[in-house]
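> Sequence lines, in order, name chains A and B. Here the numbering used here is used: the first residue of the first sequence is 10, the next is one more, and so on. Here the numbering used here is used: the first residue of the second sequence is 10, the next is one more, and so on.
Some clues are possibly wrong.
[To be verified] Simulated pairs of lysine to any residue, SDA-like, Cα-Cα distance not exceeding 20 angstroms:
hint : chain 1 : residue 1 : chain 2 : residue 2
1    : A       : Lys193    : B       : Asn219
2    : A       : Lys42     : B       : Ala654
3    : B       : Lys404    : A       : Lys193
4    : A       : Lys193    : A       : Leu214
5    : A       : Lys193    : B       : Ala654
6    : A       : Lys276    : B       : Pro211
[Said to hold, decoys possible] Listed next, the stretches of chain B that the computed footprint assigns to chain A, with coverage defined by at least 3 CB atoms under 8 angstroms from CB atoms of chain A:
hint : segment
7    : 29-38
8    : 188-202
9    : 326-338
10   : 651-658
[Stated by the list, open to error] Here are some of the chain B residues that sit facing chain A, going by a computed Cβ distance under 10 angstroms:
hint : residue
11   : Gln41
12   : Ser45
13   : Gly86
14   : Asp103
15   : Thr105
16   : Ala222
17   : Ser344
18   : Thr366
19   : Asp453
Honestly, the hints are just simulated from the structure, not real lab data. Just so it is clear, CB atoms sit at the ideal spot from N, CA and C, and this is done for glycine as well.
Protein chains: 2
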Amino acid sequence: MNSQTALKSGTATVTEQEMANAIRALAMDAVQKANSGHPGMPMGMADVATVLFGRFVNFDPSAPHWPDRDRFVLSAGHGSMLLYSLLYLTGYPDMTIDQLKNFRQLGSRTAGHPEYGHAPGIETTTGPLGQGIANAVGMALAEHMLAARFGKDLVDHYTYVIAGDGCLMEGISHEIIDLAGHLKLDRLIVFWDNNSISIDGPTSLATSTNQPARFRAAGWDVQEVDGHDMGAVAAAIEHARGSDRPSLIACRTIIGKGAPHLQGSEKTHGAALGEAEVAATRENIGWPWPPFVVPDEILAAWRATAKRGAAARREWEARLAASPRREAFETAIASEIPAAVFDALDALRKEHVEKATKVATRKASELALEAINGATDLMVGGSADLTHSNLTITKGMNRLVAGDYSGDYVHFGVREHGMAAVMNGIALHGGFVPYGGTFLCFTDYARGAIRLSAVMGQRVIYVMTHDSIGLGEDGPTHQPIEHLAMLRATPHLNVLRPADIIETAECWELALKTTDRPSVLVLSRQNLPMLRQSYTPENLSARGAYILRDTEGPRAVTLIATGSEVEIAVAAAEKLKADHGVEAAVVSMPCWELFEAQDAAYRRSILGDAPRVAVEAAARHGWDRWIGENGAFVGMTGFGASAPAADLYRHFNITPEAVAAAALELID
Amino acid sequence: MNSQTALKSGTATVTEQEMANAIRALAMDAVQKANSGHPGMPMGMADVATVLFGRFVNFDPSAPHWPDRDRFVLSAGHGSMLLYSLLYLTGYPDMTIDQLKNFRQLGSRTAGHPEYGHAPGIETTTGPLGQGIANAVGMALAEHMLAARFGKDLVDHYTYVIAGDGCLMEGISHEIIDLAGHLKLDRLIVFWDNNSISIDGPTSLATSTNQPARFRAAGWDVQEVDGHDMGAVAAAIEHARGSDRPSLIACRTIIGKGAPHLQGSEKTHGAALGEAEVAATRENIGWPWPPFVVPDEILAAWRATAKRGAAARREWEARLAASPRREAFETAIASEIPAAVFDALDALRKEHVEKATKVATRKASELALEAINGATDLMVGGSADLTHSNLTITKGMNRLVAGDYSGDYVHFGVREHGMAAVMNGIALHGGFVPYGGTFLCFTDYARGAIRLSAVMGQRVIYVMTHDSIGLGEDGPTHQPIEHLAMLRATPHLNVLRPADIIETAECWELALKTTDRPSVLVLSRQNLPMLRQSYTPENLSARGAYILRDTEGPRAVTLIATGSEVEIAVAAAEKLKADHGVEAAVVSMPCWELFEAQDAAYRRSILGDAPRVAVEAAARHGWDRWIGENGAFVGMTGFGASAPAADLYRHFNITPEAVAAAALELID
């Protein structure tokens, strides 16, 4: 079937070209109405998208969350009208023509860039370039992993991506192309919208890379086609589906195709075409209908394409109903952490309170992970080449390798950004709870994707170790200073910095139970003593902050700390009492976000009325929230240095003596 | 000359192999003494480094800042002992044997990773992987640009890099490899330490990429050699120096070479070999001397290699002395901004106060740049494919293209991280003041390199536009929320968010005059009114915050704002006065860091004693510092949304009405 081939629909005969032109018209009209947006990409990729959705993608608008649907990711998210048009045309109930008319308006489902959660069929939030293709790698990996566990009769789908020049220029693309090739993710098919145009003008302003050669170097199957030759596109997809490697289909396209005076120009990229050019385009592509009107027979032809997926979905449901693995599969998809996990974490807390175990919180995290991974198969772990520093692998975990996806541990390589975005993709796909580690300082590299974990509200768990100058000799480039502030300032993200093994187990529990957002576990390299007096059934970290060490008499001062500095605060309190008879309470505050969420009375009861000193081996930024205008802060004022950890704490004056001195000054 | 060839030095005969073994011994001994560090890489690359420094690199330890020296960048910064050994052996006066003995100790020059500024010969701070090779691209570009301006008789040097597997896995490597190939930076020669080992184990755990093919796809000249065959390495360098493209020399090496039981294993990567293996290595490589002892004849042979560079330096100085361009060259290297630039900015302020110009601050920045670039040739600008959004190009600027480096504008492509790291390299090289733009939200992508601008104290200027929900329809993925907090929490970085065209000109002046750290200009997409009452000769932004609108009577409330929200604060103050007779002062606070640096009396005079309300279309995080415990904040509490900007300000309740209401509540 090529673009001239007719599809029978009702009484009329509709060509694929007409179907593609429906996308072009909707895209240019919506952008024109909003007077804002990106018509060029949807118009340029309309032909590819028509072939892809019309002939290949298995989806069912009436059951959009069907677990075995093909995934489609618009990595070039600025071309959002391509996706919205497809969702409308194929009949997703939530994507009405009114939504298209409200493109980029407050409260619409049709945001400027596709926003996960705004409408079914939007599989991930895209816009920041390179993220979508990286999410897709995670989805394709999750598909393989789930298929390895439940068999092809329950898990057998593709992940399709449309990526633009920008996606392929971003560094993250290198990280995940390399990983996808390495893991031979053969169900991943990426269309490159090779239109030779970016915002500044021709891509030749900034790049000369031979993309096909680059992808081949990473182990991909690469084809090059005319993106407006529907037959060629279809043949390429057929080939890609049969390949034993991930596929790139490089589609030569004309940006803004159909706009007679502007096509091929960067002027179609990010602005409305203008009324005159919109009219001229109607003429040029033979689309005489008014804005937002798609003739019934063309709409019917589009809606008919969804029947393929609906049938596939029904067949799949029959297979699932008959499967002995049905319950296990549904449990995996629901990804509800079993109670046994929390029982195991509780037992771990009991055991180590009694033992007063002194370990680094990264080691405590490993012990927590042993308990967790021993009680559920939902977890998939990994590290950006710091496995034995982050302590993210536990006994019995097996690494994922090309061709055998039964494993549950990913060696992500030195690819923090890719790791985070792949974890987003795994979480979005469903079936697993991903966690991955690097040094806290290298959240810098992963920022773009961590933010999207938060924007999308995905349960992705970051295991960030070596969390302060306490890492010692590696020096300032490896010592986080501003990173806690950066993460705490990020909305919809829980930052958990436990002080000892007990809080670490509690924080892991919180991370697992927090299903609507990502969590960052911030963990020490150095050993920390167990600080709790006794076992409590209650997870004391759950309220964000609590009084770890209360006073006997009235409080003279409150010392607030997190993580490795709680030990220092406790020592300072003891010193204040012993040397000066000053009553100091110690507040451990593992999670600002959870504390902020408590009611004012609880917060007041913890913070107290006495002067407050905070201690954290990091930037002060943000701490004034808790210490008040007359409080004191003991911490870092600049970058760190290279030396053994104990020397650094002394050098930077983050010591019990310094905290006690700051307290005495306040209460003088 | 191959490794068996003898070098005559004094009376003794020294082989290059012995010279290389001096590096191996110093590296393993220093790591052993510190019981911390990375011996594997220096031992594996000792042979390559010996050939490179012994035969090729032009440098002069007695004049380490000689502008036309070759640059050497150890991108695999964890192998710092390779660099420190080389600096000691070749005779840099500051790199004594005692420094090597104090490897990774407090106050030493020999930090865990090479720290720019710790000792001459450390051309950049490396450690975070991929940064060094990206800095080197900036240095190589600066070399070409300077040569285009001053000729080959004054500027004619190479940039050499040693990069590891980790550098080439990081996404940033893709961005800058692509750019270097595109710009045909033929003076850039990169050695890949291809030892097939990363921290987790063999690189085959995580990557299958054919690196030579990948570099060829990006337009590089690629050679593959045995990194322990000194003759082959030398021949490859000779070839690379003659190539018309950037060069990759892939060196097959054995990590930890020389350690009989551990070489080839990841165990040599990041830990001391242990006393027994150190002793066995001495035996194995025939190095009978005690720790930190290099026999005189071997040291003499090493020191002799520096004569080549010293001679070249003297010849160059003679050429410079005779050059009619001497003064211009020295001015460029000093990179002191001429007074004419500040006069032009002053004239701009005068003109626009009178005109009361209402423009977006990104547009104001363009006008400031017109003034600046019209008065100096020092600036080199660019954008990560958002030139006409960031407004970073000015009339008369020419783009840099392969083969013609007379231009001064870089189309960086969609590569924010690469852009920032390349700017670091340009600044480190000297001769130019780099600035580059993207959307503020995409500082996320550039974080790793922005942090290093700050760590290294480089005058790199970031032009970050579209700085809030004020960008409108592009939605939450493009709307910064936590980014101001992230940047403000970063040490040694000035974050400048001007409120109008006058403050924008002031902030540009501050960015140019701040030579010891980077500046981030945070600029609006949307138009903002001119807020100043009158022209002042003084740069009012220089103290970080000032009273923009004072009260007539005693202050009832202080409204503090930055950037686009200062307009809202002014409107709120007018409303409070008109509707409620409440006297509200408005403080504009374009730069927290500069305000923090003022004395307490000044800060108090600005903040006042009245209750305070801050307004900023961003996260609250950090604002408690200025509003105090009983203050109020009007801003964002979550991510943004897609809609026209005015709708968003209303939707998120960041309005004069909301600010006035918050003020009234405080003073009730």
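> Decide, hint by hint, whether the structure agrees.
Status of the hints after comparison with the structure:
no.	hint	result
1	A/Lys193 to B/Asn219	14 angstroms, holds
2	A/Lys42 to B/Ala654	16 angstroms, holds
3	B/Lys404 to A/Lys193	49 angstroms, violated
4	A/Lys193 to A/Leu214	33 angstroms, violated
5	A/Lys193 to B/Ala654	44 angstroms, violated
6	A/Lys276 to B/Pro211	48 angstroms, violated
7	29-38	violated (count 0)
8	188-202	holds (count 3)
9	326-338	violated (count 0)
10	651-658	holds (count 5)
11	Gln41	13 angstroms, violated
12	Ser45	4 angstroms, holds
13	Gly86	7 angstroms, holds
14	Asp103	16 angstroms, violated
15	Thr105	17 angstroms, violated
16	Ala222	4 angstroms, holds
17	Ser344	24 angstroms, violated
18	Thr366	25 angstroms, violated
19	Asp453	4 angstroms, holds
Checked against the numbered hints listed earlier, the structure breaks hints 3, 4, 5, 6, 7, 9, 11, 14, 15, 17, 18; every other hint is satisfied.
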